[in-house]
Amino acid sequence: MTAGAGYEGEIIDAYRAMYRGMLERDTALLDDLLAEDYTLTHMTGYVQPKREWLQQIDSGRMQYHCARPHSVTTQIDGDSAELVGREVVDATIWGGRGTWNLQLSTTYERRDDAWIAVRTVATTF
Numbered sequence: 001m002t003a004g005a006g007y008e009g010e011i012i013d014a015y016r017a018m019y020r021g022m023l024e025r026d027t028a029l030l031d032d033l034l035a036e037d038y039t040l041t042h043m044t045g046y047v048q049p050k051r052e053w054l055q056q057i058d059s060g061r062m063q064y065h066c067a068r069p070h071s072v073t074t075q076i077d078g079d080s081a082e083l084v085g086r087e088v089v090d091a092t093i094w095g096g097r098g099t100w101n102l103q104l105s106t107t108y109e110r111r112d113d114a115w116i117a118v119r120t121v122a123t124t125f
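1 is the number of the first residue of the sequence shown in full-length UniProt numbering; add one for each residue after it.
It should be emphasised that the hints constitute simulated quantities derived from the structure, not laboratory data.
Since the model is a prediction, treat every value here as computed from it, not as a measurement.
Some hints could be false.
Claimed, not checked - EDC-like cross-link-like pairs, simulated, lysine to aspartate or glutamate; straight-line CA separation at most 20 Å:
hint	residue 1	residue 2
1	K50	E24
2	K50	D32
3	K50	D37
4	K50	D31
5	K50	E109
What the hints assert, rightly or not - Using C-beta positions, here's what the derived DEER-type ranges look like:
hint	residue 1	residue 2	range
6	S59	D113	26 to 36 Å
7	G9	W94	15 to 25 Å
8	R111	D58	18 to 28 Å
9	G6	G60	22 to 32 Å
10	D58	A35	17 to 27 Å
11	P49	E82	31 to 41 Å
12	D32	S80	15 to 25 Å
13	T92	D112	31 to 41 Å
14	G6	G45	32 to 42 Å
15	Q55	G9	30 to 40 Å
16	R111	R51	31 to 41 Å
For each residue, glycine too, the CB sits at the ideal point set by N, CA and C.
Given the sequences, and given the hints that come with them, work out the whole structure.
As structure tokens, this is what we get:
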């Protein structure tokens, strides 16, 4: 087995942990999983810094109610990886509740034997 193949499960686990943190409003977990300079690009195109996103989860301005997995793909290149995860997500974002076919394209880097998310771009599928 190649190193990349062994890492695929670790990367998917990191992605699932990120969703668990979102759903459980566990910003301490999210803080550990995301690089300090992490950004989330929303469907609107707004690029949100990590600290602001975590504060909005803590305050309830962003609430992720449930997510139903659809598909996950990964592409690994040494110590970096791209994961594209598709989920059907029920969320309240800035006061508006809806259900979206949400695609999160996340870039990961391997740092200190862990896969850390450095950037996510959210779109629909």
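Checked hints:
1. K50 with E24: holds, 17 Å
2. K50 with D32: Holds: K50 and D32 sit about 11 Å apart, inside 20 Å.
3. K50 with D37: holds, 7 Å
4. K50 with D31: Holds, at about 8 Å.
5. K50 with E109: Status holds; Cα separation ~16 Å.
6. S59 with D113: 26 to 36 Å: holds, 33 Å
7. G9 with W94: 15 to 25 Å: Since G9 and W94 have Cβ atoms about 34 Å apart, the given range 15 to 25 Å is violated.
8. R111 with D58: 18 to 28 Å: The hint (18 to 28 Å, Cβ to Cβ) holds, given that R111 and D58 are roughly 25 Å apart.
9. G6 with G60: 22 to 32 Å: This hint is violated: roughly 39 Å between Cβ atoms.
10. D58 with A35: 17 to 27 Å: This hint holds: roughly 19 Å between Cβ atoms.
11. P49 with E82: 31 to 41 Å: Hint violated: Cβ distance 21 Å, outside 31 to 41 Å.
12. D32 with S80: 15 to 25 Å: holds, 19 Å
13. T92 with D112: 31 to 41 Å: holds, 35 Å
14. G6 with G45: 32 to 42 Å: holds, 36 Å
15. Q55 with G9: 30 to 40 Å: For Q55 and G9 the Cβ distance comes to about 31 Å; the hint holds.
16. R111 with R51: 31 to 41 Å: Taking Cβ atoms as reference, R111 and R51 lie about 19 Å apart, which means the hint is violated.
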